[in-house]
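> Taken in order, these protein sequences are the chains called V and W.
Here the first sequence is numbered in numbering that gives the first Met the number 0, starting from 0 and rising by one per residue.
Here the second sequence is numbered in numbering that gives the first Met the number 0, starting from 0 and rising by one per residue.
Simulated from the structure, these hints should not be mistaken for lab results.
Any given hint could be a false lead.
[To be verified] From the derived model, a few chain V residues whose C-beta atoms are all more than 12 Å from chain W: (1) Ala14; (2) Lys248; (3) Arg320; (4) Pro409; (5) Lys454.
[Unchecked claim] Distance condition first, Cα-Cα at most 27 Å in a straight line; then the derived DSSO-like pairs of lysine-lysine: (6) Lys454(V) with Lys465(V); (7) Lys454(V) with Lys431(V); (8) Lys237(W) with Lys333(V); (9) Lys333(V) with Lys86(W); (10) Lys483(V) with Lys248(V); (11) Lys92(V) with Lys46(V); (12) Lys121(W) with Lys333(V); (13) Lys258(V) with Lys348(V); (14) Lys260(V) with Lys465(V).
If you're wondering where the values come from, they're calculated on a predicted model, not measured in any experiment.
For every residue, glycine included, the Cβ atom is placed at its ideal position computed from N, Cα and C.
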Amino acid sequence: MVKVPERATAFFEYAPAPESRAIVDIKASYGLFIDGEFVDGHGTSFKTINPASEEVLAEVAEADEADIDLAVRAARRAHTRVWGRMPGSERAKYLFRIARIIQERGRELAVLESIDNGKPIKESRDIDIPVVAAHFFYYAGWADKLSYAGLGTDPKPLGVAGQIIPWNFPLLMLAWKIAPALAAGNTVVLKPAETTPLTALLFAEICQQADLPPGVVNIVTGAGATGRAIVAHPDVDKIAFTGSTDVGKAIARAVAGSKKKVTLELGGKAANIVFDDAPIDQAIEGIVNGIFFNQGHVCCAGSRLLVQESVAEEVLERLKRRMSTLRVGDPLDKNTDVGAINSAEQLAKIRELSDVGEQEGGERWSPACDLPANGFWFPPTLFTGVTQAHRIAREEIFGPVLSVITFRTPAEAVEKANNTPFGLSAGVWTDKGSRILWMANQLRAGVVWANTFNKFDPTAPFGGYKESGYGREGGIPGLATYLKGTG
Amino acid sequence: MQPYAGSVTTTSATTGSAGDFDDITSSESSLRRFLHGLPGVDQVGAEARAAGLGTRSIKTTAKNFAIDLAIRMVDLTTLEGQDTPGKVRALASKAMRPDPADATCPRAAAVCVYPDMVATAKQTLGSSGVKVAAVATAFPSGRAALDIKLADTRDAVEAGADEIDMVIDRGAFLSGRYLQVFDEIVAVREACATPDGGSAHLKVIFETGELQTYDNVRRASWLAMMAGAHFIKTSTGKVQPAATLPVTLIMLEAVRDFRDQTGQMIGVKPAGGIRSSKDAIKYLVMVNEIAGPDWLDPDWFRFGASTLLNDLLMQRTKMTTGRYSGPDYFTLD
Numbered sequence: 000m001v002k003v004p005e006r007a008t009a010f011f012e013y014a015p016a017p018e019s020r021a022i023v024d025i026k027a028s029y030g031l032f033i034d035g036e037f038v039d040g041h042g043t044s045f046k047t048i049n050p051a052s053e054e055v056l057a058e059v060a061e062a063d064e065a066d067i068d069l070a071v072r073a074a075r076r077a078h079t080r081v082w083g084r085m086p087g088s089e090r091a092k093y094l095f096r097i098a099r100i101i102q103e104r105g106r107e108l109a110v111l112e113s114i115d116n117g118k119p120i121k122e123s124r125d126i127d128i129p130v131v132a133a134h135f136f137y138y139a140g141w142a143d144k145l146s147y148a149g150l151g152t153d154p155k156p157l158g159v160a161g162q163i164i165p166w167n168f169p170l171l172m173l174a175w176k177i178a179p180a181l182a183a184g185n186t187v188v189l190k191p192a193e194t195t196p197l198t199a200l201l202f203a204e205i206c207q208q209a210d211l212p213p214g215v216v217n218i219v220t221g222a223g224a225t226g227r228a229i230v231a232h233p234d235v236d237k238i239a240f241t242g243s244t245d246v247g248k249a250i251a252r253a254v255a256g257s258k259k260k261v262t263l264e265l266g267g268k269a270a271n272i273v274f275d276d277a278p279i280d281q282a283i284e285g286i287v288n289g290i291f292f293n294q295g296h297v298c299c300a301g302s303r304l305l306v307q308e309s310v311a312e313e314v315l316e317r318l319k320r321r322m323s324t325l326r327v328g329d330p331l332d333k334n335t336d337v338g339a340i341n342s343a344e345q346l347a348k349i350r351e352l353s354d355v356g357e358q359e360g361g362e363r364w365s366p367a368c369d370l371p372a373n374g375f376w377f378p379p380t381l382f383t384g385v386t387q388a389h390r391i392a393r394e395e396i397f398g399p400v401l402s403v404i405t406f407r408t409p410a411e412a413v414e415k416a417n418n419t420p421f422g423l424s425a426g427v428w429t430d431k432g433s434r435i436l437w438m439a440n441q442l443r444a445g446v447v448w449a450n451t452f453n454k455f456d457p458t459a460p461f462g463g464y465k466e467s468g469y470g471r472e473g474g475i476p477g478l479a480t481y482l483k484g485t486g
Numbered sequence: 000m001q002p003y004a005g006s007v008t009t010t011s012a013t014t015g016s017a018g019d020f021d022d023i024t025s026s027e028s029s030l031r032r033f034l035h036g037l038p039g040v041d042q043v044g045a046e047a048r049a050a051g052l053g054t055r056s057i058k059t060t061a062k063n064f065a066i067d068l069a070i071r072m073v074d075l076t077t078l079e080g081q082d083t084p085g086k087v088r089a090l091a092s093k094a095m096r097p098d099p100a101d102a103t104c105p106r107a108a109a110v111c112v113y114p115d116m117v118a119t120a121k122q123t124l125g126s127s128g129v130k131v132a133a134v135a136t137a138f139p140s141g142r143a144a145l146d147i148k149l150a151d152t153r154d155a156v157e158a159g160a161d162e163i164d165m166v167i168d169r170g171a172f173l174s175g176r177y178l179q180v181f182d183e184i185v186a187v188r189e190a191c192a193t194p195d196g197g198s199a200h201l202k203v204i205f206e207t208g209e210l211q212t213y214d215n216v217r218r219a220s221w222l223a224m225m226a227g228a229h230f231i232k233t234s235t236g237k238v239q240p241a242a243t244l245p246v247t248l249i250m251l252e253a254v255r256d257f258r259d260q261t262g263q264m265i266g267v268k269p270a271g272g273i274r275s276s277k278d279a280i281k282y283l284v285m286v287n288e289i290a291g292p293d294w295l296d297p298d299w300f301r302f303g304a305s306t307l308l309n310d311l312l313m314q315r316t317k318m319t320t321g322r323y324s325g326p327d328y329f330t331l332d
């Protein structure tokens, strides 16, 4: 007699499905990548850790002013002697080659990114790395067509670009910075964030593998002091920064009055606006994607949910049910939806602001979820009973924390959405096309997503209003900021 | 054991469950207002969600569990003009003992045949617990007068069918004559009544490949659920595309929302085009995460398939022995 199992209910536990770490080779220590070679820095070193386990991954050199000077000189030499005078069609070959190597080594890059950053492998594998390759392919295509980009008949590169990037999308932010700069004929000195230097250093190896001329790309690791040295260096023509608004302001002050051009991509407090005629199930996905993608470490995260009062209850109910299915844990498990918080410092900030949210009377809710004992973790969280006056509705938390605010009319939605010092992105959910267009005109945000959220494409310009910064990355505007007289 | 343990069995077989929705289904215009008032479906978002769930990685113990569950959910199907009693008997034997070499292999949920083969299937299956499902109502096109569809249904029920897979009138649905579709489902459900006072269980096939839009799938789902369907089913298998992950996603959302509103559980059956274990597992992940674990049971979720079973068996053998065996080691039907 065939034995039929009892009812299946609730036993579909997904067994761990970890991606193998064997593909990455993390060295015990890393130097600086200057003039095509890995060199020891003059400064001290620091450790980078795996935020999911607090395991030390590697010792990384901290570049000091002398190192930055070497890197800038190498970049200048490479610009005047090689890269700046190379025909665009030749530069394109290098960029296409880099793009292809990124694809070929995609799994290695994805695993390393997840180890160093804490983001789930499904995101590094399916989003970060493919979009990185797409950026290089896209800008490689422009390298020999600059005269046809509508930016003048013979636009010229700026020279040496100093680039400082954050830890939330380490390799993707590198691609946003390096691909357009190189395509336009600039050379770069790039500093990855101190908590996530490893994929940038692997990218340096890829530059070697692609035979990129020495000095075109220089990777200097370090923290705030290293960044300040880049900003202060007199022979840097352009500073491109992505990071916090405070640091962005400091950079703007530091370069004021100099010849340096600046683009800043800073913080955000995006409104994700759900109207009562929205496709509800997809809106729920958009809300979840908006705030829990990359643990909410996203400058354009939809951290304020503005939901029309008539559907607020239903939306919240569905949102909570959906949040209960999020799988928080090992970033290398292919079934993980929400990974580790990038650093102890960031975790402390998220905890602090969440506690403030409770003290100010917000009602806090998280699904039941077991968090690992080691590493930095914060459960997906939402706050109801939040008003515009609450700190959690005004300050960027940069974590998996959503503030829910209701509205009654489209005008009120616009007023609340715009009532922030930031203006990076916004989301609109409605089945009405005319309302989407009307809202997009009213919202003071650099990106307005309609019935979707957190979609990135190399062809689409990205950047902010107000304290979210200035300048655009991506598309032709992203190219213009690396060319003389156009950005 | 009561196979359909949900509260759906509390409604009388002769009146359907329409009573709960009298206000909505009392007129063409109120029914249309209701169906068109359901939240819209954003195609891009729905497809992205389905694709996202498709990236779940189901390994080792989870895979063992999923494969056995999928086998138990198969409605082993043969719906060809050239079907013979011999083939149906072979299929029925296979449904009872999918892997004759392995007694731990669970049986399939049902065999699905044309009405004229019901008696043959029933004879072989006996009291094995494997159900006989019959496609009725002028399957697959549904292009016949109502009394013919009802006669087709009664004929299958009299021959012993435990389950009736009916098709909706897509022409009526697409031209907006929702009440006609509704009334037809109610009438077929009445025709499912058995002399002992029970009822064959009714699966309502939408032929989603013909309905085309996800909005239509959502409306058809609510229409069928309000009319008393026990199961909603994607396709006949005769029209492309047949079952897809996004269509099944919309239907799973519908049964989930219907239970939230009424307390009644309705089953879902994707049919056609699901051929590999990998595909089947994607569906099970979707059931688990969209409708919820309560639906992870042959009473509430089925696969309409023929070739799927052999792939499940091959994977099962691989999981237990560590080796793949070729298709020659499993019967073709």
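> So if I understand the rule, the pair passes when the alpha-carbon distance is 27 Å or less; does Lys237(W) with Lys333(V) pass?
Roughly 36 Å between the alpha carbons, so the hint for Lys237(W) and Lys333(V) is violated.
> Mind checking the alpha carbons of Lys454(V) and Lys431(V) for me, to see if they're no more than 27 Å apart?
Judged against 27 Å, a Cα distance of about 20 Å means the pair holds.
> Since Ala14(V) was said not to touch the interface, does its Cβ keep a gap of more than 12 Å from each Cβ of chain W?
violated, 4 Å
> Between the alpha carbons of Lys92(V) and Lys46(V), is the straight-line distance 27 Å or under?
Not OK: Lys92(V) and Lys46(V) at ~36 Å, beyond 27 Å, violated.
> Run the distance test for Lys260(V) versus Lys465(V): straight-line Cα separation, threshold 27 Å.
Status holds; Cα separation ~18 Å.
> Is the hinted pair Lys454(V) and Lys465(V) satisfied, with a Cα-Cα distance of at most 27 Å?
At roughly 22 Å apart (the allowed maximum being 27 Å), Lys465(V) and Lys454(V) satisfy the hint.
> Would you mind confirming whether the straight-line C-alpha gap from Lys258(V) to Lys348(V) stays at or under 27 Å?
violated, 36 Å
> Lys454(V): least C-beta distance to chain W exceeds 12 Å?
violated, 10 Å
> Just double-check Pro409(V) for me: nearest Cβ-Cβ distance to chain W has to come out over 12 Å.
holds, 18 Å
> Lys121(W) and Lys333(V) were given as a pair; does the straight-line alpha-carbon distance stay at or below 27 Å?
violated, 45 Å
> Minimum Cβ separation between Arg320(V) and chain W greater than 12 Å?
violated, 9 Å
> Test the statement that Lys248(V) is away from the interface with chain W: the closest C-beta pair must be farther apart than 12 Å.
With a cut-off of 12 Å, Lys248(V) remains clear of chain W, as the shortest Cβ separation is near 37 Å.
Of the numbered hints listed earlier, those contradicted by the structure are 1, 3, 5, 8, 9, 11, 12 and 13.
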